[in-house]
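Enquirer: These are the residues of each chain, in order.
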Amino acid sequence: MGVCLMRIALFVAAAALAAAGIGHAQSFQNGDFSDNDGAGQIGYNTSLVGWTVAAPGATYLYGTGTADAGVTTGANGPNDLWGEGNGGATLIPDAPAGSGWFVAQGAGSSALKQTITGLTKGATYVLNFNYAYAQKYGAFGPTQLYWAVKLGNGQTEYTPLGTNPSKSFTGWFNDGAISFKATAATQVLSFAAFGTNGQAFAALDGVTITEGQAPGPPPTVKPVIPMTAGKLVNGNFASNGGVGQINFNTAADGWYLSGAPGYTFIYATGQADICCTNGQYGDNELWGKNNGGPKALSAPPRQAAYFVAQDGAFQVVPISQDLTRLTVGGTYKVNFDYAFAQQAGFLGDTQQNWCVSLGGAAQCTPTVTNLSQSSTAWSHGSFTFVAGAAAETLSFLASGSPADPPFALLANVSFNPVKSVAGGLGVVAAVPEPDAWALMIVGLGALGLSARRRRGARAVTV
Amino acid sequence: MSDSIRGMKAGLAAACLVLLAGMATAQIAPGVPAGVPNGRPQTLKPHRPAHAAPISRLPPAFPMAAAHAGLASLYGGAATDVTTYHYDDNRTGWNPTETDLTAATVASGRFGVLATLGVDGNVFAQPLLVSNFTMPDGATRDVLIIATGHDSVYAFDARSYAQLWKVSLGAPQSSNDVGCGDVQPEYGISSTPVIVRGGAGAATIYVVSATEPSSYEFHTHLHALDLGTGADLRPPTEITPTAQLQTGATLRFDPQNQWSRAGLAYRNGSIYVSIGSHCDNNAYAISGWVLRYDGESLALKNSFHTIQTPRGYELASVWMTGFAPAIDAAGNLFVVTGNGDYSSKQMDYGESILKLGPNLNTPPLGRYVAPNYNALNSGDVDFGSGGVMLLPSLAGQTAPPVAIAMGKDPVMYMVRQAMTAAPVVQARRISYGSGVWGGPAYFDGPAGPTVFYQINGDVLRAFCAPAVAPSLKLAAQGTTGAGYGGSQPIVSSNGSAAGTGVVWLIRRSIPMELEAYAADTLGAPIFHSSIGGWSNAGDPNPFLTPMEANGRVYAPGYLSVTVFGLTP
Numbered sequence: 001m002g003v004c005l006m007r008i009a010l011f012v013a014a015a016a017l018a019a020a021g022i023g024h025a026q027s028f029q030n031g032d033f034s035d036n037d038g039a040g041q042i043g044y045n046t047s048l049v050g051w052t053v054a055a056p057g058a059t060y061l062y063g064t065g066t067a068d069a070g071v072t073t074g075a076n077g078p079n080d081l082w083g084e085g086n087g088g089a090t091l092i093p094d095a096p097a098g099s100g101w102f103v104a105q106g107a108g109s110s111a112l113k114q115t116i117t118g119l120t121k122g123a124t125y126v127l128n129f130n131y132a133y134a135q136k137y138g139a140f141g142p143t144q145l146y147w148a149v150k151l152g153n154g155q156t157e158y159t160p161l162g163t164n165p166s167k168s169f170t171g172w173f174n175d176g177a178i179s180f181k182a183t184a185a186t187q188v189l190s191f192a193a194f195g196t197n198g199q200a201f202a203a204l205d206g207v208t209i210t211e212g213q214a215p216g217p218p219p220t221v222k223p224v225i226p227m228t229a230g231k232l233v234n235g236n237f238a239s240n241g242g243v244g245q246i247n248f249n250t251a252a253d254g255w256y257l258s259g260a261p262g263y264t265f266i267y268a269t270g271q272a273d274i275c276c277t278n279g280q281y282g283d284n285e286l287w288g289k290n291n292g293g294p295k296a297l298s299a300p301p302r303q304a305a306y307f308v309a310q311d312g313a314f315q316v317v318p319i320s321q322d323l324t325r326l327t328v329g330g331t332y333k334v335n336f337d338y339a340f341a342q343q344a345g346f347l348g349d350t351q352q353n354w355c356v357s358l359g360g361a362a363q364c365t366p367t368v369t370n371l372s373q374s375s376t377a378w379s380h381g382s383f384t385f386v387a388g389a390a391a392e393t394l395s396f397l398a399s400g401s402p403a404d405p406p407f408a409l410l411a412n413v414s415f416n417p418v419k420s421v422a423g424g425l426g427v428v429a430a431v432p433e434p435d436a437w438a439l440m441i442v443g444l445g446a447l448g449l450s451a452r453r454r455r456g457a458r459a460v461t462v
Numbered sequence: 001m002s003d004s005i006r007g008m009k010a011g012l013a014a015a016c017l018v019l020l021a022g023m024a025t026a027q028i029a030p031g032v033p034a035g036v037p038n039g040r041p042q043t044l045k046p047h048r049p050a051h052a053a054p055i056s057r058l059p060p061a062f063p064m065a066a067a068h069a070g071l072a073s074l075y076g077g078a079a080t081d082v083t084t085y086h087y088d089d090n091r092t093g094w095n096p097t098e099t100d101l102t103a104a105t106v107a108s109g110r111f112g113v114l115a116t117l118g119v120d121g122n123v124f125a126q127p128l129l130v131s132n133f134t135m136p137d138g139a140t141r142d143v144l145i146i147a148t149g150h151d152s153v154y155a156f157d158a159r160s161y162a163q164l165w166k167v168s169l170g171a172p173q174s175s176n177d178v179g180c181g182d183v184q185p186e187y188g189i190s191s192t193p194v195i196v197r198g199g200a201g202a203a204t205i206y207v208v209s210a211t212e213p214s215s216y217e218f219h220t221h222l223h224a225l226d227l228g229t230g231a232d233l234r235p236p237t238e239i240t241p242t243a244q245l246q247t248g249a250t251l252r253f254d255p256q257n258q259w260s261r262a263g264l265a266y267r268n269g270s271i272y273v274s275i276g277s278h279c280d281n282n283a284y285a286i287s288g289w290v291l292r293y294d295g296e297s298l299a300l301k302n303s304f305h306t307i308q309t310p311r312g313y314e315l316a317s318v319w320m321t322g323f324a325p326a327i328d329a330a331g332n333l334f335v336v337t338g339n340g341d342y343s344s345k346q347m348d349y350g351e352s353i354l355k356l357g358p359n360l361n362t363p364p365l366g367r368y369v370a371p372n373y374n375a376l377n378s379g380d381v382d383f384g385s386g387g388v389m390l391l392p393s394l395a396g397q398t399a400p401p402v403a404i405a406m407g408k409d410p411v412m413y414m415v416r417q418a419m420t421a422a423p424v425v426q427a428r429r430i431s432y433g434s435g436v437w438g439g440p441a442y443f444d445g446p447a448g449p450t451v452f453y454q455i456n457g458d459v460l461r462a463f464c465a466p467a468v469a470p471s472l473k474l475a476a477q478g479t480t481g482a483g484y485g486g487s488q489p490i491v492s493s494n495g496s497a498a499g500t501g502v503v504w505l506i507r508r509s510i511p512m513e514l515e516a517y518a519a520d521t522l523g524a525p526i527f528h529s530s531i532g533g534w535s536n537a538g539d540p541n542p543f544l545t546p547m548e549a550n551g552r553v554y555a556p557g558y559l560s561v562t563v564f565g566l567t568p
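Residue numbers (my numbering), protein chains in the order written: chain A, 1 to 462; chain B, 1 to 568.
There could be a bad hint or two in this list.
[As the list claims (entries may be wrong)] With a straight-line cut-off of 25 Å between C-alpha atoms, the simulated DMTMM-like cross-links for lysine to aspartate or glutamate are:
id	chain 1	residue 1	chain 2	residue 2
1	B	Lys473	A	Glu84
2	B	Lys166	B	Glu238
3	A	Lys295	A	Asp253
4	B	Lys345	A	Asp37
5	B	Lys345	A	Asp35
6	B	Lys166	B	Asp120
7	B	Lys345	A	Asp94
[Claimed, not checked] Only some residues are given here: those of chain B computed to face chain A with a beta carbon under 8 Å:
id	residue
8	Arg159
9	Ser344
10	Tyr373
11	Asn374
12	Ala375
13	Val411
14	Ala422
15	Gln426
For the record, the hints were derived by calculation from the structure and aren't laboratory data. All C-beta atoms, glycine included, are put in the ideal place defined by N, C-alpha and C.
Please build the complete structure, drawing on both the sequences and the hints.
Expert: Below is the structure:
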């Protein structure tokens, strides 16, 4: 989407000073985010004077010029945005307010809030800010985003829906001012980002509030992100950055690893036992006929051109995709193909399985033995989940032992509703309360432990 | 499976690809590991397992058989002076006047140890050289100045290596009494002096000594020594700055817990002394300082302290592992601070690049805090373990001048020297391991401007830095892994001529080694040789900078400076 389109005239500028006397001194502060504890995840390892988020959200503070330099970390490790410094498609332009800092929030995360005191009840205030749209490093594909802005219990206002190309950072926008009427002396200002998925980040800088009246009517049209309810993307992993190690030198559109660096690879069918699918330690082949293994590494079903392989015993973090607009209480089925293999160059039988989770619920495939230097045939997995929230994370976590590297293979993932509660299929659920994401992320963090504990006595539903 | 096993499987051949891929993606491995107080060695997990094996060849135990002939041979080029740390006020570490030592001659087998100069302590200071100096007896000599941790200053004839004089500036401070074992057994002169040459036979050596004349009586003095004799030209000045803080409390220099580690600097009659801390001790009551002394009177003219609002963790030391403040054409100083409070609203300047006016009588003209300063402080990952280098402006350069800095967190920061509110031109992470205790070197070679860095455990890397639009891109790399904290390379060359550039560094191995690389290509070292062990035998932190001038290379060490050069 071009800049011109982004600059729609909903927020035409030029705040005028209030003619009706001098209001109270309102307390709004740190609108340029310069008063902080350093780059990081707000509410986790940094804070902003005056601002809060419901921890642990996905709202980060970045230093201008460093959002692609691996200096911004959070609970899941580095949280860079795509930029020229990490192979992104665009340069990240300097944040316009000039403080050297900006905030970016993953879509669907907890709102960034500030309680403002000293407002004059009934007075009108003009809110101004700069914003941009970005994408978390490692995620692929175009995204659409907007900011939802709210003061107190008043009406929510929105920035125009913007499209951010894959691996990009849009320019900074300032569409002028938004007018709010204070309904009380103390009110909460909140910014909440919404978008295609949790890897779509909306950036914010230079927030100011002045008493006055912005000309023109306030924008009230809520943007609609065109997406199919609960749609999983790139289930065949064909949209990727090439073969290699996810989070290191490649990525799979829509998918991400819940932690860095992980040890999960994308292989091209027929190439896994041939050089060179490179990762952090160089070529990472799986045993097959082409590298001296006793049997061929079979191709995944359905002519899948790519598959994912995750080491079940080394740097293990799940490969995940955030799904939004699920029907709460609705039933969904996850279908996938899987097999097990071993990294070439190593010996010994291994026991392996996959655990699949949606939100806080996990189900696992049977544990099978993969013989030394070998691989299993592909199997089909099918798990049924009930969505506990409108936005959930679908994750696949491999387990394997001993650590003679056991690689679990995954292909052809699909995610579809089986039935729904009232409202039926295709009804878009209400946009989740941002704070719901906090619970989800906590749940995801606990998932790894949960999955591992279930290895001995898991619920098998295949 | 361990990283090392996996690395062995991947094989050495993959290392280069991995490193290059890492540069491209800037995402390698998780978080910055916890560091340690200033320079204190730590046990590091191998974060990059596929290094080339350490060099195993033992160096010649004795000077080359033809060393005397080498010593006697005259330098073919125009003699140069090295009067300040890293050769110039930009701190480039580049001597562009070398004519005899080229990549070919250094690799020829004729290059080796010519002499070993015995001294009485650790030599943290980079050796300095004044050429064609008229001594008091009328003789013209190239005078090599070496300062030691035993508080001695030596002058050697750089042609014959005869000792010209030696002076003691007092009894050094016991490391045990200081309470910091980073350097053992003592602290004396730890910063590179600066020499101001007034004429053919007039030059003053400014040097800071740390002394302990009696047990637990600590002093720090600034001396002005006559280069011809070593005598104090005027009574030394005791370094005792104080400042009133916003709370009304008085901030005082602490001669036990603070030291002058960053090299001294000189500009327009002023001597600049920077102050750091020992082991971050007494962190609640001290701060970093940059002090300006009058070069004539040695009187303290102004001081800048890095913390103004004590909140229990001050520090913000200025130590830079020996780098001296860089100085731009207008006389503004650039320094980097270490662990310490940072506040955007108050005058607390931890983990920052600071631009200070020449007089030090105003708040910083600019500052840039590492954006992850809180994490750096929490993990003892000082930004200020590395110095800042001003990238020389070149003819036709249209981009604004920039500075480059990196500390324990291996992120190269290129910032505009104007130090606007958001000065970052480029920030590039090299790895997620530990960074550098030291700093960069620069070479405007046949491939254009090039910056060299070597971080902890990593190979030497060359980054091209096009002047029109400065942006560091990996151009070449060496094959030998660094020791703890990387290295402090320098470069010699005959201008920008191809094949003449040589990168020199001291590898922090046991024993320490002088290494040389062809600056145009890097790759495997073209020369390496032992320069002996360090005094902290089991806990080495020889953060040393070699010096090259007039066809010879001086490698400081413990109780010696090893001289390398060509034999006929």
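Enquirer: Compare the structure with each hint and give your call.
Expert: Each hint tested on the structure:
1. Annotation: proposed proximity of Lys473/B to Glu84/A holds, straight-line Cα distance about 12 Å (limit 25 Å).
2. A hinted pair counts as satisfied when its Cα atoms are at most 25 Å apart, and Lys166/B with Glu238/B qualifies at roughly 21 Å.
3. Pair hint Lys295/A plus Asp253/A does not hold up; C-alpha atoms about 31 Å apart against a cutoff of 25 Å.
4. The hinted pair formed by Lys345/B and Asp37/A meets the criterion: a straight-line CA distance of about 12 Å does not exceed 25 Å.
5. Proximity of Lys345/B to Asp35/A is assessed by CA-CA distance (about 7 Å); at most 25 Å being required, the pair is judged to hold.
6. For the hint linking Lys166/B to Asp120/B, the alpha-carbon distance of about 10 Å falls within 25 Å, and the restraint holds.
7. A threshold of 25 Å between alpha carbons decides the hint, and for Lys345/B with Asp94/A the separation of about 21 Å falls inside it, so the pair holds.
8. Hint status for Arg159/B relative to chain A: violated, with the closest Cβ pair at about 48 Å, above 8 Å.
9. For the restraint placing Ser344/B at the interface with chain A, the shortest Cβ-Cβ distance is roughly 5 Å, inside the 8 Å limit, so the hint holds.
10. With its C-beta approaching chain A no nearer than about 4 Å, Tyr373/B sits inside the 8 Å limit, and its interface hint holds.
11. Because the beta carbon of Asn374/B sits about 3 Å from the nearest beta carbon in chain A, less than 8 Å, this interface hint is met.
12. This hint holds: Ala375/B has a C-beta 6 Å from the nearest C-beta of chain A, less than the 8 Å allowed.
13. At its closest, the beta carbon of Val411/B sits 6 Å from a beta carbon of chain A; the interface hint therefore holds under the 8 Å criterion.
14. Hint status for Ala422/B: holds, given a least beta-carbon distance of 4 Å to chain A, under 8 Å.
15. With a cut of 8 Å, the hint placing Gln426/B at the interface with chain A holds, because the nearest CB-to-CB distance is about 7 Å.
The structure does not agree with the numbered hints 3 and 8 stated previously, though it agrees with the rest.
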